[in-house]
Amino acid sequence: MYPQQPPGRPTAVPRALVVLALLLAVLGYGLAVFASRNIWQTRDATRLTFAAHTTDGAPPPPDALAAAVNVVQRRLDGLKVPGAAVTVDGTNVVATVPAGGPDVVADLTRMGQLAIRPVIHAIPAQSGGAPATPTSPPKPADPARSADEKQLRQSTNPSIQILALQFQATRCGDDDSLAGHDDPKLPLVTCSTDGKTVYLLDKSILTGSNVRRATSHWDDHNGQHVVDLEFDDSGARTWADFTAANIGTQTAFTLDTRVVSAPEIREAIPGGRTQISGGFTADTARELAGTLQAGMLPVVLTLDSSEPATLSATRFSALMRVPIIVAGVDLLAVIVVTTVWLIRRRPTPQL
Numbered sequence: 087m088y089p090q091q092p093p094g095r096p097t098a099v100p101r102a103l104v105v106l107a108l109l110l111a112v113l114g115y116g117l118a119v120f121a122s123r124n125i126w127q128t129r130d131a132t133r134l135t136f137a138a139h140t141t142d143g144a145p146p147p148p149d150a151l152a153a154a155v156n157v158v159q160r161r162l163d164g165l166k167v168p169g170a171a172v173t174v175d176g177t178n179v180v181a182t183v184p185a186g187g188p189d190v191v192a193d194l195t196r197m198g199q200l201a202i203r204p205v206i207h208a209i210p211a212q213s214g215g216a217p218a219t220p221t222s223p224p225k226p227a228d229p230a231r232s233a234d235e236k237q238l239r240q241s242t243n244p245s246i247q248i249l250a251l252q253f254q255a256t257r258c259g260d261d262d263s264l265a266g267h268d269d270p271k272l273p274l275v276t277c278s279t280d281g282k283t284v285y286l287l288d289k290s291i292l293t294g295s296n297v298r299r300a301t302s303h304w305d306d307h308n309g310q311h312v313v314d315l316e317f318d319d320s321g322a323r324t325w326a327d328f329t330a331a332n333i334g335t336q337t338a339f340t341l342d343t344r345v346v347s348a349p350e351i352r353e354a355i356p357g358g359r360t361q362i363s364g365g366f367t368a369d370t371a372r373e374l375a376g377t378l379q380a381g382m383l384p385v386v387l388t389l390d391s392s393e394p395a396t397l398s399a400t401r402f403s404a405l406m407r408v409p410i411i412v413a414g415v416d417l418l419a420v421i422v423v424t425t426v427w428l429i430r431r432r433p434t435p436q437l
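Counted the way our numbering counts, the sequence shown spans residues 87 to 437.
The set of hints was computed from the structure by calculation and includes no laboratory data. Note that the structure is predicted; figures quoted are calculated from it, not measured. The beta-carbon is built from N, C-alpha and C at its ideal position, and this holds for glycine as well.
Ranges of calculated distance between the beta carbons of each label pair, as one might list FRET restraints:
| no. | residue 1 | residue 2 | range |
| --- | --- | --- | --- |
| 1 | 163 | 418 | 35 to 45 Å |
| 2 | 418 | 396 | 28 to 38 Å |
| 3 | 228 | 361 | 27 to 37 Å |
| 4 | 259 | 359 | 31 to 41 Å |
| 5 | 396 | 260 | 36 to 46 Å |
| 6 | 234 | 166 | 37 to 47 Å |
| 7 | 316 | 421 | 53 to 63 Å |
| 8 | 234 | 130 | 41 to 51 Å |
| 9 | 368 | 130 | 21 to 31 Å |
| 10 | 156 | 130 | 17 to 27 Å |
For lysine-lysine, the following DSBU-like pairs were computed, each having C-alpha atoms within a straight-line distance of at most 30 Å:
| no. | residue 1 | residue 2 |
| --- | --- | --- |
| 11 | 282 | 236 |
| 12 | 271 | 236 |
| 13 | 289 | 236 |
I would like the entire structure built from these sequences, with the hints used as guidance.
Okay, here's the thing in structure tokens:
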């Protein structure tokens, strides 16, 4: 006869395996919580407060402020700033962005006014090139000075246009108080973004409101970064008709009054698509596409203050908390149930 095994022997191995599985589950959960520890923490941030006003210096209406918040949020999304929050505080627009990220002030305060204008005349600039990149936040525009600039540089009088063209050629290196405030329905005298050329432009045929989609990419054919535009139905028809009727002429793409690109029309362009090229880097092309995609600011924004702040977890982090909490509750329930089961299954000592 075979020797009999002790009564408690058959349950010893399963009990050990159950305890080991529980220990591994607890260890795995602990590692998961440790690896995701950042989702429970607030983040250092910067609170940017922008004073908002209309082009004539008046306080903006509530609907314009709400629209400005949407534009700023879309620009931050386009710049891939994670978890940024944009709100209205009185007549101010407040953007809270993660600390240590890129400087977004210039991108957020840019008006983003796109216009496509036929080129009437162009001459070389006499000044020292494009204005220097600002090292401090832009100052609020002077409505009176903007009005004076508009009267000179958007005149319909040919004699004044020639005078403005010659005068503007001497100051392409200066800041432009008309930037982003020109009237698309009037002619315009302005400089190129590189400050090398001065243009007399006709009234716009299309504006940023006609842009349905804007993206950037590297163009292998031309060997440069470009911005692709897709027009809405009305813009597509206008662009197709205009290019078909104006082959051989120049057309300028202006952003906030300055000429970004002024290509020659070589053929009719149907289909509602076109391309902007202008010596872009990958970053500047992406920023321009993001600005055009987000739309034009309905108000003027100027930086009023910048101060340290904190940001709560991102939306993704908040969502990640749910399965971790649920898994923790489930694991605790399994531990309790298993412990009760092991106690009840404990072998009875043999007498």
